[in-house]
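Asks: Please construct the entire structure, taking both the sequences and the accompanying hints into account.
So you can see what is in the structure, the chains are spelled out below.
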Amino acid sequence: MSRKAVKWLYGELPKLVDEGILSEENAEKIKAYYNVNGQKMGRTASTFVFGLIGAVLIGLGIILLLGHNWDTLDRVSRAAISIGILVLAELIAGFVVKYKMDRAVWRESAATFLMLALGSSIALIGQTYHLSDDFAGFMYLWMLFSIPLPYLLRAHAPAVMYLVGSTVWLANTAETNSDKQWIWLLVAAFLPYYWNLLRSNRYANAAVITSWIFIICSYVWCGIAFSKYMGQGYLLEFACLFVITFFGGVHWFTDASLSVGQKSFKIIGFLGVVGISLVLTTNEVWRNLARHPLAIDTLGYFLLAAALAVVIRLSTLVVRRDDRWMALVAALPLLTVIGYLMGCSQIAISWIVLLFNVYFLSLSITFIIRAIRQTKQGELNIGMLMLAALILLRFFDINFSFILRGTVFIMLGGTFFAANLILSRRKKEGVK
Amino acid sequence: MREKLKFNLFVVVAVLQLFVPLYMMWHWENILTAGQQYYWRTAPVDPYDALRGRYVRLSFKEMKGKVAPETHLQYGQTAYASIAADENGYAYISLVSAAQPETGQYLKVKVIYLKGDTASVQLPFNRFYMREDLASSAEQAYTRAAGKEGAVAVRVKDGLGVVEELYIGDKTITEYLRENK
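These protein sequence lines map, in sequence, to chains A and B. Everything in the first sequence is counted per our numbering, starting at 1 for the first residue and increasing by one. Everything in the second sequence is counted per our numbering, starting at 433 for the first residue and increasing by one.
In case anyone wonders, no lab produced these hints; they're calculated from the structure. We put the CB at the ideal spot given by N, CA and C, even for glycine. Hints are not guaranteed to be accurate.
Ranges between beta-carbon positions, derived for each pair [stated by the list, open to error]:
hint, chain 1, residue 1, chain 2, residue 2, range
1, B, Leu437, A, Ala188, 19 to 29 angstroms
2, B, Gly508, A, Val279, 51 to 61 angstroms
3, A, Asp74, B, Glu519, 32 to 42 angstroms
4, A, Leu91, B, Leu437, 11 to 21 angstroms
5, B, Tyr545, A, Trp252, 32 to 42 angstroms
6, A, Leu191, B, Asn440, 45 to 55 angstroms
7, B, Leu437, A, Ile209, 24 to 34 angstroms
8, B, Gln468, A, Ser178, 13 to 23 angstroms
9, B, Lys493, A, Asn177, 31 to 41 angstroms
10, B, Thr606, A, Trp195, 45 to 55 angstroms
11, A, Ser227, B, Lys542, 18 to 28 angstroms
12, B, Gln532, A, Leu91, 18 to 28 angstroms
13, A, Ala188, B, Lys542, 26 to 36 angstroms
14, A, Ala188, B, Gln532, 29 to 39 angstroms
On the chain A side, residues computed to face chain B include the following (Cβ under 8 angstroms) [unchecked claim]:
hint, residue
15, Ile92
16, Ala93
17, Lys98
18, Ser121
19, Ile125
20, Ala136
21, Gly137
22, Leu141
Replies: Dropping the structure here:
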């Protein structure tokens, strides 16, 4: 249980005793239980963090020491060091698998050290034989042979390193398009681990951190690996991806008391939806799109159709009839398709731009109304910021006079104040 | 039972992991001992590689050759460069072909430029790793000697090449730096 929750529980206990729901004795027992557990958790967490940092620092230190490139060492001693470090790390990890699997700090540190040792061992061979610049090849080999570690040692730090490493490989590989698809092998090797993590406790720290990194990395994978197939379809691709992420968050992370960190899918998905909608309101994007004929590969069309199908399926699960805002979010990919179709026909671009401006305006206003109804001040301000962003963006596009600009800015600021004032009054009345 | 299986699986993984550097070592060591030696004239610069320390980036004078008759090469494709030595003992590319040559030594290269019947290629070796504090003085020494007396010894076998040593005149780069401190 989080510290915040324990504090809240402590506050509630006297009330429960007064009401006669709990006996004084039971209240004390509950207090003692959470106190002990709270302290235990704090100590484990700090041991855990310091253990892990220690393993990372030692591993990186070894890499740097080897990077000095000692010229007194001949090839045999370099080979011995390279293999020696790996063997040492494997012995430690083997010991942990056999005797210390119940201790998280051992598992994490040993697995992290082994992963770094493997990397430094491969790199040292490259140094010894003056191998040419093949950073991507090195990363792929390193990641491929590291993926068993999160599974066998139930270690999360190597899993995060693996996600980042795989993404770095994809970003650095200069190979052909078909070679880039090897990323899916790395991803497939990771998915069972991630699925297990979410299934066992999607709100635990390990799952939360992995989720944030996984979501961001998955956009990079789709962006780079599908770029050739998607062509100009990338806007629709990302509109679908963001909506899927957001709806995934709404559907699977339902606990109302979640902290900001635990809402990775919702937050990233929301920011993505708002960001791409805002991009679609600009003249420049559609003008670029209309300038060239719609170039999407057959496989691209197939992938987009699949993404749209997922959006529709998720929409049926999460969009309630009375929630207009969610319905508007679900409509984003569909509207993007309409935008593409309009762009292909002879319809003037300004109509498409108008369509998306009206869309974004509705998106912001329904979000604000929703926030007011639910008396959520934070969400109200986010809605106002969305509205402000749209207005500010239009000021760059269209040439308005300074008087008009000034007036609109002042009005915008005034609305901010007024809306917040009204909402906080409502809140107070609600409390009374 | 599960625990035992997990441990056994870990042993398998550990062996596979060990196999990676061991195989690489065997592979390159084999070329160093059994490959044919060539000297290649160079001109270096000195960048920094965070993972592998400092090295001298090698670029070579002889990086182009005649395209084999009736061969159509494309920019970026992998090709085979047949290697020969001139009267001074320095290596040069005698022919660039799309198919693997049946006789003589060759290198697997990437075509980077095509002009008429001549192809410029990227050789499969371009680094010489140095102790971090020596790399920059190595670079300076080598820039002075670039194109005149700089050369690397390369061992070539089965289309691959491993850099053995970096020379200025008849001295290795380490000897040269020691004498010219």
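Asks: Take the hints in turn and mark each one as holding or not.
Replies: Evaluated hints:
Taking 19 to 29 angstroms as the suggested C-beta distance range, the pair leucine 437(B) and alanine 188(A) conforms, at roughly 22 angstroms. About 33 angstroms separates the C-beta atoms of glycine 508(B) and valine 279(A), a value inconsistent with the hinted range of 51 to 61 angstroms. The hinted window of 32 to 42 angstroms between aspartate 74(A) and glutamate 519(B) holds, with their beta carbons roughly 34 angstroms apart. Range check, leucine 91(A) to leucine 437(B): about 20 angstroms between beta-carbon atoms, so the 11 to 21 angstroms window is met.
For tyrosine 545(B) and tryptophan 252(A), the hinted distance range of 32 to 42 angstroms is not satisfied, since their beta carbons lie about 53 angstroms from each other. Between leucine 191(A) and asparagine 440(B) the C-beta distance comes to about 24 angstroms, which lies outside the given range of 45 to 55 angstroms. For the pair leucine 437(B) and isoleucine 209(A), the beta carbons lie near 29 angstroms from each other, so the given range of 24 to 34 angstroms is met. Evaluation of the 13 to 23 angstroms hint for glutamine 468(B) and serine 178(A) yields a failure: the beta carbon distance comes to about 34 angstroms.
At about 34 angstroms, the CB distance of lysine 493(B) to asparagine 177(A) agrees with the hint of 31 to 41 angstroms. Checking the proposed 45 to 55 angstroms range against threonine 606(B) and tryptophan 195(A) shows it holds: the Cβ atoms sit about 53 angstroms from each other. A beta carbon spacing of about 22 angstroms between serine 227(A) and lysine 542(B) agrees with the range 18 to 28 angstroms that was offered as a hint. A beta carbon spacing of about 43 angstroms between glutamine 532(B) and leucine 91(A) contradicts the range 18 to 28 angstroms that was offered as a hint.
Taking 26 to 36 angstroms as the suggested C-beta distance range, the pair alanine 188(A) and lysine 542(B) conforms, at roughly 30 angstroms. The hint said 29 to 39 angstroms for the Cβ distance between alanine 188(A) and glutamine 532(B), and at roughly 34 angstroms that hint holds. Checking isoleucine 92(A) against chain B: minimum C-beta separation of about 11 angstroms lies over 8 angstroms; hint violated. Given the 8 angstroms rule on beta carbons, the hint for alanine 93(A) holds: about 7 angstroms separates it from the nearest Cβ of chain B.
The beta carbon of lysine 98(A) is positioned within 8 angstroms of a beta carbon in chain B (closest approach about 6 angstroms), and the interface hint is therefore held. For serine 121(A), the suggested interface contact is upheld, since its CB lies about 5 angstroms from the closest CB of chain B, less than 8 angstroms. Interface hint status for isoleucine 125(A): upheld, as the beta-carbon distance to the closest one in chain B is roughly 5 angstroms, under 8 angstroms. Hint status for alanine 136(A) relative to chain B: violated, with the closest Cβ pair at about 13 angstroms, above 8 angstroms.
Hint status for glycine 137(A) relative to chain B: violated, with the closest Cβ pair at about 11 angstroms, above 8 angstroms. At its closest, the beta carbon of leucine 141(A) sits 6 angstroms from a beta carbon of chain B; the interface hint therefore holds under the 8 angstroms criterion.
Hint violations for this structure: numbers 2, 5, 6, 8, 12, 15, 20, 21, all remaining hints satisfied.
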